[in-house]
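Peer 1: One letter stands for each residue in the lines below.
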Amino acid sequence: MTALMSPRDHLRDGPELTGEALDRRLARTWRRQPGLIGWLSTTDHKEIGRRYLVTAFVFLILAGILGLAIRLQLARPESGLISADRYNQIFTMHGTTMMFLFAVPVMEAMAVYLIPLMLGTRNTAFARLNAFSYYVYLAGGTMIWVAFILNVGPDAGWFSYVPLSGPEYSPGKRVDIWAQMVTFTEVAALAAAVVMTTTILKQRAPGMSMGRMPVFAWAILVVSLMIIFSMPSVALTSAMLMSDRLVGTQFFNSYEHGDPLLWQHLFWFFGHPEVYIIFLPATGFVSEIVQTFSGRRIIGYPAIVLALVATGLLAFGLWVHHMFATGLPRQGYAFYTAASMAVSLPAGIQIFCWIATIWDGRPRFAVPMLWVVGFIVTFVIGGMTGVMLASVPIDLQLHDTYFVVAHFHYVLIGGAVFPLLGAITYWFPKITGRLMSEGLGKLAFWLGFIGFQVAFMPMHFLGILGMPRRVYTYQPGLGWDGLNLVATIGAFAFASALVIFILNVLVSLRRGGAAGSNPWNASGLEWATSSPPPPYGHAHIPVVDGPTPLWTHEERLPVAYGLRVEQREILLTTVVDAVPDVREPSSEPSLWPLVSALATTALFVCSIFTPWALVIGAVPVTAALIGWFWPKNNDVKPEPVID
Amino acid sequence: MQAPAFTQDLSRLPTHGFGPRSATWWGIVAFFLIEGTALALGAAVYLYLLGQEQAWPPPPHLPPDLPAGTLFTLLLLLSEIPNSMIKRAAEHGELRKVRRLLIVISLIGLALLVLRGFEFNSLNVYWYDNAYGSALWMLLVLHTTHIGTDWVDSLVLAGLMHTRHGMEGRRFVDCAENAMYWRFVWLAWLPLYLLIYWVPRLQGP
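In order, the protein sequence lines correspond to chains A and B. In this text, residue positions in the first sequence follow the working numbering: the first is 1, and each later residue adds one. In this text, residue positions in the second sequence follow the working numbering: the first is 1, and each later residue adds one.
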């Protein structure tokens, strides 16, 4: 090999190149190119994370409007506001959008934005895959919403049970659009999971051993592995459903040796872990917020981490509790009841650790902390009804009633959305450089907390009184009228709180007080860089010698140096102890992820109509991927280190 | 913001590493897990359906014919010889050897795809006949996707290594990791081969 270069031939950060001179040069290397092409080809995790976040919130608003439509329809008996067919589409789209297009992506969004900053690295691993993930997600969400607006929205429920969703009972393309939207979001989520797993395992700051990782990073690591093991199940089964509908396979056809229950097994083998994929990042938020606002290190760090791992493992052994009403062997009932109850133990351990931390610390009840308290109260109620539903006799009574609707809204909104709103308030200053209004924040919290309880508490009683889910109307005199009206009033109060929250975000973007780098006096590395962070994250790679680096080093932060400045370079460290090991180039901005996502979109959308799309569509996808991976940095010379 | 206290110099670190030292290695392992899970669940579908039947395959269908699938399996196993050679050559930076062997493995990939075509033709059932046929075709299609993907990857790498990019250390890492992926492809096939060709014979009426 010719043209070997020594380390001295390149400009590097270090004692001789630091401060403003370094910032200027790093910014030139890492900033995105100007113009539309630059905007579309960015690989900056912060930009991708922000887009993911905004898109997920747009879907939250859309699905929230559908939720309000449902509540309006049910506010009084025999309401003629919405037709039965439209109602089926509305509740299907509400659930599908909330689960696939809001809840999972919004957690990925937070991880994509925060994890590299928390770990002290300049970008995620596979930055282009990250961009690809976002575009595929956007395409899938857009496709299903366009279909819904054109009155071909799916109408078989967010879990699309066969035989209802099969070729016989759901002719037309509605279910195929649902199934293909699932494919889009699975591809996006799996790509993000691969990015996150690699980033967390290989790109931690020197010294950030696994035992010193932020709890949020642990949560995202566990969740990414859960995505890797669970999402193939729904990708597979939705492909099986589509092929039953499109090319005449017989997977779910009981007349031809198939079995409808196979669908339920494969769906819930994904669907149950999915709930924890949404919930565990939220517990990560809570741990970070509790630590900062209690002003002391989280109590029981090892217990919390083990609880995260245990929840992740147990999540794969519970799926059958969604199927108690299908009839199971007695042994099956006993096993899945025990497993379902067991999963409340790690959740309980985490809750006790948070309470102990608050108890022993000096808590400041700022808005993020209020959401945490609201979370603990609401999630505990939801957890209790979960334990009730784990019991087979109760489940058989309450299956498919509003009791179940109440339960999962308590665990999903209380367990994930409350911490998310707290987390956004908490990290908003980092993302934008401005603080959110405390007054509007408190108003949104109290209205949201009370509105939520008013909306969903009555549903427990409606369920016990026998009101089934997914009915588009009901008759008067069943004792359901008043409770439904109360729930509707509560739903509008809760929605108003979300509107106030979003207004607060928009107003604070322009008028919020300047935040500075560390407005909450937090301990994590993401607070060691300016707000908003520059495109390269940290100017020098921080070195970590404890779990709370910024509290340990209040004056001077230890850093490593010697990364290249005029080329995008990142540091890889060893998996367990985070010892510096290799310097690798980080992906340059590129349009190929967008082109590949467009080619993938064409393949997925066309395969709703013809199986040949899989063959013909594979050609542009392959071409785009080759374009993506073909090396382009022609001027870069090999740089072995020579001593 | 705290001022920096300079502690460690990173400039002497290498710019590429093989195996778990490389980021792409972990990415590929993650894809193994994803694809392995999908294949395992595909096998679970097959076994779930089998568990509900008196006879397997459901009469009057016959088990798949052995020759094409067995020949495919043998060639696939033999392909590990050049594959291991590529991995070793890449790790030692032997460019000419890598170039030659990548062409060999691409030709083997092509031969495997042709054999796979014959396999589809010897299943004795169509995907639309019954759920057994559907599961069988699904398993074979899933695995064929992997053969096809790695074949294209090998072709592209063979082309790439013949350009000046081939001289970069990181491209040797790519070759070593492509060889690792190939190992996954043939390892994943072995249980599927047993499932598709031998389980029906053991279960026969």
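The hints are simulated quantities; they were obtained by calculation from the structure and are not laboratory data. Among the hints, a few may not be true.
Sample of chain B residues at the chain A side, in silico, Cβ under 10 Å [as the list claims (entries may be wrong)]:
{"hint": "1", "residue": "Val29"}
{"hint": "2", "residue": "Phe31"}
{"hint": "3", "residue": "Pro58"}
{"hint": "4", "residue": "Tyr132"}
Glycine included, every Cβ here is placed at the ideal spot set by N, Cα and C.
Peer 1: So, as I understand it, the hint says B:Tyr132 touches chain A; can you test that by seeing if any CB pair is closer than 10 Å?
Peer 2: Constraint on B:Tyr132 satisfied, holds at 6 Å.
Peer 1: Quick one, is the B:Val29 hint okay against chain A at 10 Å, beta carbons?
Peer 2: Cβ of B:Val29 sits 9 Å from chain A, so the hint holds.
Peer 1: Against chain A, run the beta carbon of B:Phe31 and see if the smallest gap drops under 10 Å.
Peer 2: Since chain A brings a Cβ to about 7 Å from B:Phe31, closer than 10 Å, the hint holds.
Peer 1: Against chain A, run the beta carbon of B:Pro58 and see if the smallest gap drops under 10 Å.
Peer 2: Check passed: Cβ of B:Pro58 comes within 5 Å of chain A, closer than 10 Å.
In this structure, none of the earlier numbered hints is contradicted; all agree with it.
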